[in-house]
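Protein chains in written order, with our numbering: chain A, 663 to 879; chain B, 45 to 286; chain C, 24 to 273.
Calculated directly from the structure, the hints in this document are not laboratory data. Any given hint could be a false lead.
[As the list claims (entries may be wrong)] Below, a list of computed lysine-lysine pairs in the DSS-like style, where the Cα atoms sit at most 30 Å apart: (1) K852/A <-> K280/B; (2) K862/A <-> K272/B; (3) K131/B <-> K144/C; (4) K691/A <-> K719/A; (5) K778/A <-> K828/A; (6) K812/A <-> K691/A; (7) K852/A <-> K875/A; (8) K846/A <-> K862/A; (9) K236/B <-> K144/C; (10) K875/A <-> K828/A; (11) K144/B <-> K219/C; (12) K29/C <-> K691/A; (13) K273/B <-> K862/A; (14) K253/C <-> K29/C; (15) K812/A <-> K781/A; (16) K272/B <-> K253/C; (17) K691/A <-> K259/B; (18) K793/A <-> K807/A; (19) K219/B <-> K701/A.
Note that the structure is predicted; figures quoted are calculated from it, not measured.
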Amino acid sequence: MQREIVLPGTYLGERKGRKITNCYVEGDKVFSKVLGVLKISEEEISVVPLAGKYFPKVGDRIIGRIEEIEVSGWWVDINSPYEAFLPLGEAVEEFVDVRRVDLSRFYDINDIIFCKITKVTKNKIIQVSMKDMLARKLFGGVMIKITPYKVARVIGKGGSMIEMIKKKTGSEIYVGQNGVIWIKGGNKEKAIEAILTIEKEAHVVGLTEKIAKMLGD
Amino acid sequence: MKKPEAPLIVNGRRVDGRLPEEIREIKMSIGDISNADGSARVSFGNTEAIVAVYGPRALFPKFLQESDVGLVRVNYSMSPFSVDERKNPAPDRRSIEISKVTKEALTSAIFVEDFPKAVVDIYENIIQADGSTRVTAINAASLALASAGIPMKDLVAACSVGKVSGTLIVDLNGKEDNYSESDMAVAMMPSKGLVTLLQMDGLLTKEEVMELLMKAEEVCKKIYELQKKTLFDRFKVEREEE
Amino acid sequence: MEEFVKDYLNQGKRIDGRGFRDYRHIEIKHSVVSKAEGSSFVNLGGTKVFAGVKLDIGSPFPDSPNEGILIVNAEFTPLSSPDIEPGPPGEDAIELARIVDRIIRESHAIELEKLFIEEGKVWVVYVDLSVLDMNGNLMDASMLASTEALLHTKIPKIENGKIVRGEFTSKLPMAFKPVSVTIGKYGSNLLVDLNKEEEEIVDARLVIGVRDDDKICAIQKQGIGTFSIKNVENALDLAIEKSKELRRLL
Numbered sequence: 663m664q665r666e667i668v669l670p671g672t673y674l675g676e677r678k679g680r681k682i683t684n685c686y687v688e689g690d691k692v693f694s695k696v697l698g699v700l701k702i703s704e705e706e707i708s709v710v711p712l713a714g715k716y717f718p719k720v721g722d723r724i725i726g727r728i729e730e731i732e733v734s735g736w737w738v739d740i741n742s743p744y745e746a747f748l749p750l751g752e753a754v755e756e757f758v759d760v761r762r763v764d765l766s767r768f769y770d771i772n773d774i775i776f777c778k779i780t781k782v783t784k785n786k787i788i789q790v791s792m793k794d795m796l797a798r799k800l801f802g803g804v805m806i807k808i809t810p811y812k813v814a815r816v817i818g819k820g821g822s823m824i825e826m827i828k829k830k831t832g833s834e835i836y837v838g839q840n841g842v843i844w845i846k847g848g849n850k851e852k853a854i855e856a857i858l859t860i861e862k863e864a865h866v867v868g869l870t871e872k873i874a875k876m877l878g879d
Numbered sequence: 045m046k047k048p049e050a051p052l053i054v055n056g057r058r059v060d061g062r063l064p065e066e067i068r069e070i071k072m073s074i075g076d077i078s079n080a081d082g083s084a085r086v087s088f089g090n091t092e093a094i095v096a097v098y099g100p101r102a103l104f105p106k107f108l109q110e111s112d113v114g115l116v117r118v119n120y121s122m123s124p125f126s127v128d129e130r131k132n133p134a135p136d137r138r139s140i141e142i143s144k145v146t147k148e149a150l151t152s153a154i155f156v157e158d159f160p161k162a163v164v165d166i167y168e169n170i171i172q173a174d175g176s177t178r179v180t181a182i183n184a185a186s187l188a189l190a191s192a193g194i195p196m197k198d199l200v201a202a203c204s205v206g207k208v209s210g211t212l213i214v215d216l217n218g219k220e221d222n223y224s225e226s227d228m229a230v231a232m233m234p235s236k237g238l239v240t241l242l243q244m245d246g247l248l249t250k251e252e253v254m255e256l257l258m259k260a261e262e263v264c265k266k267i268y269e270l271q272k273k274t275l276f277d278r279f280k281v282e283r284e285e286e
Numbered sequence: 024m025e026e027f028v029k030d031y032l033n034q035g036k037r038i039d040g041r042g043f044r045d046y047r048h049i050e051i052k053h054s055v056v057s058k059a060e061g062s063s064f065v066n067l068g069g070t071k072v073f074a075g076v077k078l079d080i081g082s083p084f085p086d087s088p089n090e091g092i093l094i095v096n097a098e099f100t101p102l103s104s105p106d107i108e109p110g111p112p113g114e115d116a117i118e119l120a121r122i123v124d125r126i127i128r129e130s131h132a133i134e135l136e137k138l139f140i141e142e143g144k145v146w147v148v149y150v151d152l153s154v155l156d157m158n159g160n161l162m163d164a165s166m167l168a169s170t171e172a173l174l175h176t177k178i179p180k181i182e183n184g185k186i187v188r189g190e191f192t193s194k195l196p197m198a199f200k201p202v203s204v205t206i207g208k209y210g211s212n213l214l215v216d217l218n219k220e221e222e223e224i225v226d227a228r229l230v231i232g233v234r235d236d237d238k239i240c241a242i243q244k245q246g247i248g249t250f251s252i253k254n255v256e257n258a259l260d261l262a263i264e265k266s267k268e269l270r271r272l273l
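Please model the complete structure; the sequences and the hints are all you need to start from.
Here it is as structure tokens:
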């Protein structure tokens with residue numbers, strides 16, 4: 663199905679009470695704010711950007727790097743213009759006496775974590791949490807960065823694309839909504855090649871078959 | 045006003061053979077600078093500008109941050125080899141003024157509320173100067189901003205208009221720029237009919253100013269179509285597998 | 024304070040009781056600095072600027088060997104505002120100086136051809152603006168100060184190729200009295216002479232340089248808002264009208 667590319671200022675239609683994403687309104691007229699792909703339905707008008715930085719949303723699972731240790735938590739680099747904070751209470755189950763314990767015991771500088779965005783305020787104060795079923799520290803492995811807006815393609819419908827890559831390469835792979843992807847073991851090189859190809863050719867027809875072929879058996 | 049050595053309009057044609065309302069050949073391309081978040085190159089005849097956009101990114105030092113809006117910074121500079129007499133690469137007063145008005149012209153179109161405490165840096169470099177450099181750079185900056193995913197109300201298109209030897213013209217080249225009775229730089233959000241940059245010097249009646257402004261709007265609309273086409277060509281239609 | 028000012032504007036009023044088309048009280052004095060060849064002081068509603076003109080002998084530009092040279096500079100002194108720090112002119116001061124220069128130059132206010140001394144020597148006219156207090160509309164205040172200072176500038180005597188300061192031969196040849204009218208746009212309203220608070224909240228400003236014969240010699244849009252083409256036309260009309268009032272003060 664063909665999707666329309668729109669530009670900043672492209673007129674998209676009348677709002678008619680619909681939810682809008684990456685758009686702005688003048689009266690009831692809706693315009694695109696960014697260069698992207700238009701998704702329009704009865705309930706919603708949204709533009710999926712073709713480029714841009716990662717802007718965190720609550721619920722996103724992302725891969726971050728511990729940057730700084732504070733008294734009551736850690737600052738995390740989440741590959742965004744904004745840093746996130748991991749409060750002690752969201753990272754550690756037990757009670758911690760901050761006067762006696764060095765927080766680096768739990769998470770040290772440059773540790774990699776797979777965590778969840780739990781708070782995004784209007785002024786872009788970002789909070790993450792490790793209290794998520796899937797959250798964990800990631801040891802070893804390598805990381806690559808892709809455009810955040812291509813992550814959905816890498817994951818595929820219902821996770822089909824990423825599962826195929828994992829299966830065919832035998833690698834452990836974590837995909838962050840923030841465009842950071844962590845890979846360990848198996849045929850890492852092939853996995854990375856596949857992911858970078860998806861990023862470059864997300865629009866190409868028959869991409870799934872192409873990737874499947876690339877990965878062999 | 046400096047007097048030109050030879051008349052600028054002969055038999056209704058300009059020094060480079062153009063008619064008064066004719067624009068030079070325009071070339072536009074996107075993505076020349078791979079390290080940048082967005083980049084573009086635009087040339088009008090022999091004037092060429094290349095622009096790189098970085099951001100939104102974290103803004104330091106912290107005291108520069110505004111908690112509810114983002115910042116836009118522009119640095120306009122001319123390469124030493126872009127002009128006849130080598131230009132000293134150090135920022136001069138003209139470049140500082142151009143950077144300021146360009147920043148204001150582009151910020152008009154950008155949704156700075158969408159990236160509070162962060163900054164979008166726009167670096168403009170003039171590779172070749174043959175008149176109308178600041179507007180050429182603004183045209184490139186628009187493309188670079190859009191391709192970087194920066195949220196905007198509209199693209200910004202810009203052009204120069206002016207008066208030479210009593211005739212109103214559009215898209216001034218270097219010679220015309222130097223010897224004009226008046227020149228005016230205009231940038232607009234063409235689909236909104238809103239002017240974001242307006243600078244004029246020379247001597248014009250109010251009617252002449254308005255006539256030139258209308259001509260500028262027409263030219264900006266043409267440039268806008270080219271900008272849109274350049275973006276569409278670069279980011280081809282996405283076909284998603286269902 | 025911002026909200027307060029906006030409330031008033033929304034009701035068609037200004038906090039100091041002025042109409043949208045009224046300038047504040049303007050005080051202009053000339054020849055206030057004895058060491059300068061020409062000088063003036065302007066107090067426009069609390070915005071205070073000194074303009075000083077100094078003349079020197081210099082070499083002409085190669086493409087205009089018989090013309091004098093004009094150089095304009097502006098300093099926003101740290102005295103004038105809590106936001107200004109000592110140091111070289113920032114972008115606002117540079118822009119201001121360049122617009123004043125542009126208006127004087129493009130209007131041909133100074134008859135530069137009459138500033139030729141001899142082969143390879145012309146008069147260089149330095150206009151320096153010193154801002155002492157900022158309460159909005161620095162542009163128009165600076166332009167008034169510059170033109171007033173120039174109108175009262177005298178050319179010093181030259182003896183044996185050297186300038187004799189304090190002795191004069193003639194007045195600086197001035198053909199016109201250009202002024203600037205800065206207009207702010209708030210919603211669909213146009214206002215002249217913005218005070219400090221109004222400058223913070225208007226969408227954008229248009230500085231318009233007008234000559235005695237109503238010709239426009241410079242336009243500069245300032246600020247991050249926008250103007251429609253109709254707004255520009257209305258602003259030009261308003262500027263031409265107000266320029267006559269301002270010129271009468273010189």
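Which numbered hints fail = Violated hints (numbers, rising): 9 and 19; every other hint is consistent with the structure.
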